[in-house]
Amino acid sequence: MNKTILTLAIASLSLIACKKDGEKTDSQSTVDSTATKTEEVATMIPDSATISKAWTEYATPGDAHKRMAADNGVWDEDMTSWQHEGGEPMKMKMTAEIKTIFDGKYQEAVHKGDFMGMPFEGKSTLAYDNASKEYISTWIDNMSTGIMVMRGNYDDASKTFKMEGEVIDPVTKKMKKMREVITIMDDNTQKMEMYDTGYDGKEFKNMEIIMKRKK
5 MNKTILTLAI ASLSLIACKK DGEKTDSQST VDSTATKTEE VATMIPDSAT
55 ISKAWTEYAT PGDAHKRMAA DNGVWDEDMT SWQHEGGEPM KMKMTAEIKT
105 IFDGKYQEAV HKGDFMGMPF EGKSTLAYDN ASKEYISTWI DNMSTGIMVM
155 RGNYDDASKT FKMEGEVIDP VTKKMKKMRE VITIMDDNTQ KMEMYDTGYD
205 GKEFKNMEII MKRKK
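Going by the numbering used here, the sequence shown opens with residue 5, and the numbers climb by one from there.
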């Protein structure tokens, strides 16, 4: 009986000792891990010269911004739109005034016209992000309350901007994909094509605008 009690006592003490050793090991691992993370963060922080250089490059307009500035002026727009694949085309004439703002860093365009007997006005902005190396556009108009954001790039060989994004469908309340292709036909003529996603989930061309710069 006494031997049994003694054996149990020794076993209990061993378990307690092992638990304490384990706690020490876990605690030490946490300390080591924290120290390692702190060292990693410390080595990742760039010096002031690197930060200053990066921000200077980020804020300096380049060739992409010169390309946007080439669109400055007033444009006549002939627009054709379709509500769905194979739908009846709707025609509309607009004008667009395009200019660069903030020392040539962004392009702003104001579009005005008459849509089905109602005055229409929309505004777009276009940026070239020097850090992400992509074009970013936004669109707002007086016939909605949302903002469309698209991202893409310019292909010099085909002289086209190719942009993609998502917008909310006010009918389904779900996000849907949109795609835009702008082709530079010549210095004073552009073609903008917009592709929507139908209720069947298939892409269709919902808009085409031929833009001609006023001379």
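Simulated from the structure, these hints should not be mistaken for lab results. Values in this document were obtained by computation on a predicted structure and should not be read as measured data. Warning: the hint list may mix true and false statements.
[Stated by the list, open to error] As a list, the in silico SDA-like pairs of lysine to any residue whose alpha-carbon atoms are at most 25 Å apart:
1. Lys181 to Gly91
2. Lys219 to Ile188
3. Lys218 to Lys181
4. Lys95 to Asn157
5. Lys70 to Glu138
[What the hints assert, rightly or not] Distance ranges between label pairs, derived from CB positions:
6. Met120 to Tyr62: 15 to 25 Å
7. Thr129 to Pro174: 18 to 28 Å
8. Lys70 to Arg155: 43 to 53 Å
9. Phe208 to Thr64: 18 to 28 Å
10. Asn76 to Glu138: 39 to 49 Å
11. Pro123 to Lys206: 28 to 38 Å
12. Met120 to Ile214: 28 to 38 Å
13. Asp82 to Lys127: 33 to 43 Å
14. Thr187 to Asn76: 15 to 25 Å
Glycine included, C-beta positions come from ideal geometry on N, C-alpha and C.
Exercise. Starting from Lys219, check that the Cα of Ile188 is at most 25 Å away, please.
Key: This hinted pair holds, its Cα atoms lying about 17 Å apart.
Practice problem: Take the C-beta atom of Thr129 and the C-beta atom of Pro174, compute their distance, and say whether it sits inside 18 to 28 Å. | Solution: holds (22 Å)
Self-check item: Range hint compliance [Cβ, Thr187 to Asn76, 15 to 25 Å]
Solution: At 19 Å between Cβs, range holds.
Exercise. Mind checking the alpha carbons of Lys181 and Gly91 for me, to see if they're no more than 25 Å apart?
Key: With Cα atoms ~19 Å apart, Lys181 and Gly91 stay inside 25 Å; holds.
Exercise. With 28 to 38 Å as the target window, see if Pro123 and Lys206 comply at their CB atoms.
Key: Given range 28 to 38 Å: holds, Cβ gap about 33 Å.
Practice problem: Take a quick look at whether Lys95 and Asn157 sit within 25 Å of each other, Cα to Cα. | Solution: violated (29 Å)
Quiz item: Within 25 Å, alpha carbon to alpha carbon, are Lys218 and Lys181?
Solution: violated (33 Å)
Quiz prompt | Pairwise hint evaluation, Glu138 against Lys70, where the allowed Cα distance is 25 Å at most | solution = holds (15 Å)
Quiz item: Falls inside 18 to 28 Å, the C-beta gap from Phe208 to Thr64?
Solution: Given about 40 Å between the Cβ atoms, the range is violated.
Quiz item: Is the hinted range of 43 to 53 Å satisfied by the C-beta distance from Lys70 to Arg155?
Solution: violated (20 Å)
Quiz item: Is 28 to 38 Å a correct range for the gap between the Cβ atoms of Met120 and Ile214?
Solution: Distance hint for Met120, Ile214 is violated at roughly 20 Å.
Self-check item: Cβ separation of Met120 and Tyr62, checked against the hinted range 15 to 25 Å
Solution: violated (43 Å)
Violated hints, in rising order: 3, 4, 6, 8, 9, 10, 12, 13; the structure is consistent with all others.
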